[in-house]
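J.: So the chains spell out like this:
Protein chains: 2
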Amino acid sequence: RPSRIDAIAFVQQGKKIVAIGRNYAEHIKELKNTVPSEPLIFLKPTTSYLPSGGNVEVPRGVTAHYEVELGVIIGKTGREISQADADSHIAGYALAVDMTARNMQDVVKKKGLPWSAVKGFDTFTPISTFIPKLAISDPHNLSLSLKVNGAVKQDGKTSDMIHRIPRILEFMSSIMTLEEGDLILTGTPSGVGPIVPGDKVECALADSTGKVLSTLN
Amino acid sequence: RPSRIDAIAFVQQGKKIVAIGRNYAEHIKELKNTVPSEPLIFLKPTTSYLPSGGNVEVPRGVTAHYEVELGVIIGKTGREISQADADSHIAGYALAVDMTARNMQDVVKKKGLPWSAVKGFDTFTPISTFIPKLAISDPHNLSLSLKVNGAVKQDGKTSDMIHRIPRILEFMSSIMTLEEGDLILTGTPSGVGPIVPGDKVECALADSTGKVLSTLN
Ligand SMILES: [Mg+2]
Ligand SMILES: [Mg+2]
Ligand SMILES: [Mg+2]
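Just so you know, the sequences run in chain order A and B. Heads up: the first sequence is residues 10 to 226, going by this note's numbering. Heads up: the second sequence is residues 10 to 226, going by this note's numbering.
Warning: the hint list may mix true and false statements.
The list makes no distinction among identical chains, and a pair is therefore deemed to hold if it is satisfied within one copy or across any two copies.
No more than 20 Å apart at the CA atoms, straight line, and that leaves these computed lysine to aspartate or glutamate pairs for EDC-like [what the hints assert, rightly or not]:
| no. | residue 1 | residue 2 |
| --- | --- | --- |
| 1 | K209 | D131 |
| 2 | K162 | E179 |
| 3 | K24 | E188 |
| 4 | K41 | E211 |
| 5 | K24 | E189 |
| 6 | K162 | D96 |
| 7 | K120 | E66 |
| 8 | K142 | D94 |
| 9 | K142 | E179 |
| 10 | K85 | E66 |
Calculated from the structure, these hints are not laboratory results.
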């Protein structure tokens with residue numbers, strides 16, 4: 010049967026957001042992190058979704074960093090998905106920002122505490138509208154960019170992912186069942202940095218010819 | 010209006026599980042942890058639910074520890090819930106086990122990595138049926154016990170919680186909106202330890218007179 014997940018359903022009905030960290034080499038270097046021995050995954054609550062056009066709320070005392078990412082939307086529930094089967098579980102894509110309370114993250118990383126709070130504030134997952142799978146011929150040949158107040162801060166290529174989408178789905182679904190409507194975040198390229206209320210943030214996803222497939226602001 | 014959340018709906022429809030760690034002093038000591046300066050929270054995926062009677066699956070190489078906990082089920086969505094209002098957001102309770110891949114958790118704590126994988130495997134949240142709010146007159150005057158193969162391993166009192174339920178809801182909802190159907194895990198007393206496939210695990214929740222309110226096995 011065709012997936013029931015469409016342009017808005019995943020934001021309203023999806024139950025989880027599963028993200029991978031440290032999936033672009035240049036971003037690992039900029040945060041002085043080490044390359045993990047296996048994919049590093051974490052959960053964000055769906056209450057953190059912020060549809061395009063909304064304003065990120067930055068809690069007092071928080072340094073909020075943007076991380077532009079390619080999102081993958083699950084169209085068919087699965088557990089222990091093989092890399093060969095991964096594509097059949099994808100309904101489409103979205104452009105997303107994995108907002109992160111970086112100053113709080115620095116503390117929890119030092120103390121060995123969970124990341125859920127630092128990644129999970131309301132409005133911390135700005136999300137574009139749904140991009141149908143057929144609109145993207147090769148998800149590993151896209152450009153991902155983010156501007157703040159008109160200045161380009163992030164300009165990466167999904168061809169630089171360390172773990173590609175089939176491996177990400179295989180790994181995540183070896184731990185937890187992925188359900189129809191779940192969003193998978195595939196990691197951010199380099200250039201992350203802070204925003205403050207009033208900053209104008211513009212993100213774009215484009216194919217290899219420069220054609221814009223989605224925007225988010 | 011009355012909450013739509015009932016005996017089975019929260020397991021099937023709830024979107025998230027938000028847990029507090031280190032909420033009983035004796036448990037903090039047994040794992041040689043320090044008392045956190047503010048509540049320590051983390052997410053578990055709802056795909057980890059295992060209704061009573063099911064078998065926990067222990068992945069190869071994993072030391073799976075039980076942690077019996079009182080669960081609180083949210084009946085009314087709220088953000089920045091005050092302690093005074095907390096009770097009005099509660100639909101009921103459940104008896105739960107927060108299964109934890111302890112050997113993996115020891116590694117991620119040392120490396121400053123997220124806890125989502127070590128807490129998030131399928132079947133890692135055994136859960137009782139729904140306990141209506143009216144069945145429990147004082148959630149901070151209950152006993153929580155867990156036996157393995159007939160031997161009592163955990164036997165705690167919810168009166169020993171460091172952060173009580175109104176404070177837990179206040180803290181969590183200051184970060185993320187709590188939605189109808191969400192499960193809140195309130196921490197485990199001391200006595201945690203490993204189980205292996207084939208072990209018989211029996212949990213009970215009782216009031217101060219010894220009357221059993223719920224069981225889970
Ligand atoms: Mg990220
Ligand atoms: Mg975490
Ligand atoms: Mg626990």
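J.: At most 20 Å between CA atoms: does that hold for K162 and E179 within a copy, between copies, both, or neither?
T.: neither (31 Å within a copy, 36 Å between copies)
J.: Tell me, please, which holds for K85 and E66 at an alpha-carbon limit of 20 Å: within, between, both or neither?
T.: Answer is neither; intra-copy 32 Å and inter-copy 23 Å both fail.
J.: Have a look at K24 and E189 and pick one of within, between, both or neither, based on CA distance no larger than 20 Å.
T.: Result: close both inside a copy and across copies, 9 Å intra and 13 Å inter.
J.: Check K24 against E188 for me: Cα-Cα at most 20 Å, and say if that holds within a copy, between copies, both or neither.
T.: For K24 and E188, both the intra-copy (8 Å) and inter-copy (11 Å) Cα distances are at most 20 Å.
J.: Are the CA atoms of K120 and E66 at most 20 Å apart within a copy, between copies, both, or neither?
T.: neither (26 Å within a copy, 29 Å between copies)
J.: Cα distance capped at 20 Å. Does K41 pair with E211 within a copy, between copies, both, or neither?
T.: Answer is neither: 26 Å inside a copy and 46 Å across each miss the 20 Å cutoff.
J.: How would you label the pair K162, D96 (within, between, both, or neither) given a Cα cut-off of 20 Å?
T.: Neither: 31 Å inside a chain and 45 Å across chains, both beyond 20 Å.
J.: Is it within, between, both or neither when you check K142 against D94 at 20 Å Cα-Cα?
T.: Answer is within; shortest intra-copy Cα gap is 15 Å, inter-copy 44 Å.
J.: Classify it for me, K142 with E179: is the Cα-Cα distance of at most 20 Å met within a copy, between copies, both or neither?
T.: The answer is within: 19 Å in one copy meets 20 Å, while 40 Å across copies does not.
J.: When Cα atoms must be at most 20 Å apart, do K209 and D131 count as within-copy, between-copy, both, or neither?
T.: Within one copy only: 19 Å inside, 40 Å across.
Hints 2, 4, 6, 7, 10 from the list above are not met by this structure, while the remaining hints are.
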